[in-house]
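For the record, the sequence lines run as chains A, B, C and D. Numbering (our numbering) for the first sequence: 1 to 312. Numbering (our numbering) for the second sequence: 1 to 552. Numbering (our numbering) for the third sequence: 1 to 126. Numbering (our numbering) for the fourth sequence: 1 to 237.
Treat the hints with care, since some could be wrong.
Here are the computed lysine to aspartate or glutamate pairs in the EDC-like style, where the Cα-Cα straight-line distance is at most 20 Å [said to hold, decoys possible]: (1) A:134 / C:98; (2) D:114 / C:11; (3) D:75 / C:95; (4) B:250 / A:197; (5) A:241 / B:81; (6) B:77 / A:238; (7) A:108 / B:471; (8) A:91 / B:325; (9) B:355 / A:67; (10) A:108 / B:83; (11) B:250 / A:19; (12) D:113 / D:52; (13) A:174 / A:197; (14) A:185 / B:83; (15) A:91 / C:98; (16) A:134 / B:325; (17) D:113 / C:11; (18) B:297 / A:219; (19) A:312 / A:197; (20) B:460 / A:19; (21) A:241 / B:83.
Coverage of chain D stretches by chain C, computed from C-beta distances (three or more under 8 Å per stretch; other residues unrestricted) [to be verified]: (22) 75 to 89; (23) 165 to 176; (24) 187 to 197; (25) 218 to 225.
What the hints contain is simulated information worked out from the structure, not anything from laboratory work. For each residue, glycine too, the CB sits at the ideal point set by N, CA and C.
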Amino acid sequence: MEWFRSIMLPPQGSAFAGEVDTLYMFLFWLSAVLFLGIGGAAIYFAWRYRYTPGRVTPHITHNTTLEIVWSVLPLLLCGVIFFWGLNDWMKYAVAPGESMEIQITAKKWLWTFEYPDGSRTANEIHVPINKPVKFIMTSEDVLHDFFVPDMRVKHDIVPGRYTQVWFTPTVLGKHHVTCAEYCGKGHSDMTATLVVDNEPDFKKWLETGGDDWKNYPPEKWGEMQREQKGCATCHSIDGTKGQGPTWKGIYGTMVEMNDGKSYLVDDAYLQESMLQPNAKIVKGFEAIMPSFQGLLHPQDIRGLIAYIKTLK
Amino acid sequence: MAQALTHSDPHIGDRPRPAKNYLNATTGIWSWMTTVDHKRIGVMYLVAVSSAFFVGGMFALLVRLTLLTPSHKLFGKVLIDADTYNRVFTLHGAIMVFLFIIPSVPGSLANFVLPLMLGAKDVAFPRLNLASFYLWCTGAILAVTSMIVGAVDTGWTFYTPYSTTTQSSVGLMTMAVFILGFSSIFTGLNFIATVHKLRAPGMGWFDMPLFVWGTYATAIIQVLATPVLGITMVLLALERVFNIGIFDPKIGGDPVLFQHFFWFYSHPAVYIMIVPGMAIISEIIPTFSRKTIFGYKAIAYSSVALALLGFLVWGHHMFVAGQSELATVVFSALTFLVAIPSGVKLFNWLATMYKGNISLETPMLYGISFILLFAIGGLTGIFLGALSTDIHLTDTYFVVAHFHYVMMGGTVIAFIGGVHYWWPKITGRMYSEKWGRIGCSLVFIGFNMTFLTQFFLGSKGMPRRYYNYLEQYQPLHAFSTFGSWVLGMGLFITAAYLLASLRKPMDAPDNPWGGTTMEWLTSSPPIEHNFEEQPVLEHEPYDYRPRVKKHA
Amino acid sequence: MSEHTQNPKAEAAVYLKTLIALLVLTGITVGASYIHFGSGAANVVVALTIATIKATLVALFFMHLLHDKPVNGIIAVAGFIFLGLFLMFTLLDFDTRENPLPRNLPGVVTPPPPAATTPAPAPEHH
Amino acid sequence: MSTSTVDLQHDPHGHGDDGHGHDDPHHQHHFTTMEQQFDTSKIGMWLFLATEVLLFGGLFVGFGMMQARFPEQFKEAHEHLQRPLGALNTVVLLVSSWTMVMGVLSARTNQRKKLVIYLIITILCACIFLGVKYFEYSHKFEEGLLPGHYYTHHGDKIATVNGANGYATFFSFYFMMTGLHGIHILVGIALLAWIAVRGNRGEFNSSYYTPVDLVGLYWHLVDLIWIYLFPLYYLIS
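Based on the sequences and whatever the hints tell you, model everything.
If you want it as structure tokens, here you go:
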């Protein structure tokens, strides 16, 4: 049975996921039985009562009791399924009071998360295991949807107001987060990673942003940060002009700004562009880049600068 | 003296073919463009919606081809980029819904067959019928212009605030949908008036064929739901032009309000799509089982019940959209009510086949395919109606598979079955039975290959409308794409042999299948005003008891 | 043809009386708007009931629904019933919608406080 | 939308009557009796009126939701509408409804002259209504009370929060609903004029007055919609 469930459904990351899967499997087997009954009857009748010329068929017009039976029985069955679904759904709808509140701000094709202590991350969340975590979400532009398949949890993110979703992770490791409400060109790229740590790792990650950057050379870590923090959606590395200037071959050159002045692209310039992007705007671009202050740890900034240097 | 009907063997009640029929009564393009004959308008609709189905189908094949591999490469080159992909799936949705599936059965088959089944000379308002067709053409032209000018990339649902802020030509497409809405309203209005006032003498409400009941129930939805779509499209267009703050939160609107407006029409719209399909199946099953329909009143009432209950459940499209919890629970409960009439219909069709004398010509093959596929479609609807499973499954490929099983496995299969069933009556020619069965098998196999896999894609957690997908989904997508080729092949073969049958001389008898409804009384193809003299109903519908053949 | 006039004089009189009734009701509803019935909602309810009475008068007498085939009456009523369904369910959603609020209103996004009520209440949960 | 209503009226000349010895030139071939044709037209018209009710209904629902979203702004915006003008318009439309129904009665009783007079009075009332509407609209234009981003009126108590201007939304709905209603009045005037011309030619009599009856139904519906618009806009204080 478990094998069959694992084919059809993602791994279970929380207790709620277990309950949803139980109802799903019940409905699956119920549908299988009903389908075999209906389909089997149709095919059996088609074969059993196949055409022989001249045979007269009985004149049966209706049977009221039968009509009542196959109206009331499905109604009762539907009632059971409805209350079962409602019972599980109540757990999804009401967040426990003591859950940690993480604020999500979704924007076109990027997730940003803010922890209770104010630290912010992009496209990556770490949460402690076996502790309820509640997400209060809003969007800066269009509809998005916070969907964590492993936790069987999903909720639309509506601009102009807040929506909420919660779960209690019970399985360590990485879980895939993805956007499930159509939001345009980068809809399918709008993914994030939910990492469930035990308590100490989580605490350490919160302060230092984790230490897995140590086992990568800076430029490789920079390249990963470019993907993870969503720089890729605006800055290209092959020279094509995106919503932001390309990174190809800019290190060490003079770049002209909107106000006519031009600056040497060096470490200081790149760091300033990341933390106060609106200070200097490259000619021909608008000031739409959000500040990555608090989003990029020192090792991330060093990694990105090292990576940009490699782009000739 | 009306030729009484006998049954048992096909090719009964043959009479010499009249020289003049509705096709050659008057000739020339102008006679077709200004016709008010419901049969000609039905044929024009059939050609129009089939071409829309072809265009929508091409977009579907392109969507499946793009998703063949996560890198979207074909022979080493990326087929289309994310933006084009969004426009392609939007146009696939918009064309299939607004231009094909809503006008298809009511516009083409019902237009042709309804007056014949009622023993009437024409629909109640013939000129309005032609106006409805020309409104469809205007809407289609506007939609094509919108496609060329800047194809819409919002999804066929036009959700705001994306649809109010995107640069693609949403304005033109919303006007096209507005006009197509009126085409649908006038068809529905016409049929309600026809059913009320133009029944043959002696034909009470419970002597009418079940196809008429299904079309009547659909007409109720068309008349009562489509105006709200009209006003929604106008509000969306005005919001884009004058920046009125109704749906866009940047200017004080509420996106969930748009979803209420949109789904108040669009859920009844899915019953505009499926109820006519069920109506056709309620005709095919008894005819090819040569047995009286089981539970006539149950099927008739369930059509009307579906139409009315369809107006109470639209919120189940918005369980995770930010709707209030109370509304979500109420909508979920009501959604389960809607499942009952569909079940009743399925069981009654099976009871009709019980102890029948079933011959498996192509229409019946499509009939049984409908029973199998609609059963899967309906049952998977239960997954989406239950609150907790819907959280995981909504907005994933599970929903895509569900509505394709109900819309394509249901309405399109029934539509093709209906086209075959009435092909001799419409064109006066029989299609090739051998090719019919080949086509049906390919369509059935291809359809299941394409969409059964998508249930698993969805339950595994792949969201819909995705261009890039995770590596792990690639095998399922590839299988689904191969299935779409088999499905496409099946449909092409079907179109080919149907058109090929037009080259043959008119060889169809009046009543090739031994049907007992009134359209089989007149010649194939019928004369211009349907019946020599007004047919009088002599027996209840689907009465297959043997009767002594009255001498003419 | 269907309701051939038995007596046009009597029918004209009925129409006149209906017109007078409508004008009187218009006066009443204008007057009623100056009186304050409890909350604002009560005023709306009063105004709409008077409007519904006027609408039924127009429908029954001016639009001949009284002596007409019942099917026309059913169609007329159906239009309003389905409009009522649409309004009822949408109001059900709008009135009972929970608006979760973050513990602090971050500067990043300040959406208009929902339904322009007073600023963020304490973020307790039901 | 106007083309549809015209279509509903059967062209009096009817198309080719095959030789079934019809008593009336307007009798269409696919109907057995004139009564059946008349009843069918009535059903068709009432169905069309139901779609109109639902079309305007969508706007009323939108208005209701926005009222719940911006209660204070809507209450304050109501003050900008002049109540006496609204009341006058209501009276004008009610009178026009009465003249319309008297017109239908006179058509049914073969009084050609009275029919034309009543129709002309109805058209005059409609023009008065549009005139009052024109005056109100110009007043709004002067004060800048316009829909969406054209709203340039100052001195509102509640400021715009994040682009959400309740007043602009109110006037958006005001112009949409009264504008759509105004378009229906214009279409009504065109239909009334068409019926008056044909009535003058004496085409309507006690056995064939369907077009007059259907235009009458349409006109009463337009009045009925104003009966609901009037309190919702002018009387909420």
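Problem set entry | Which numbered hints fail | 4, 7, 11, 12, 18, 19, 23 and 24
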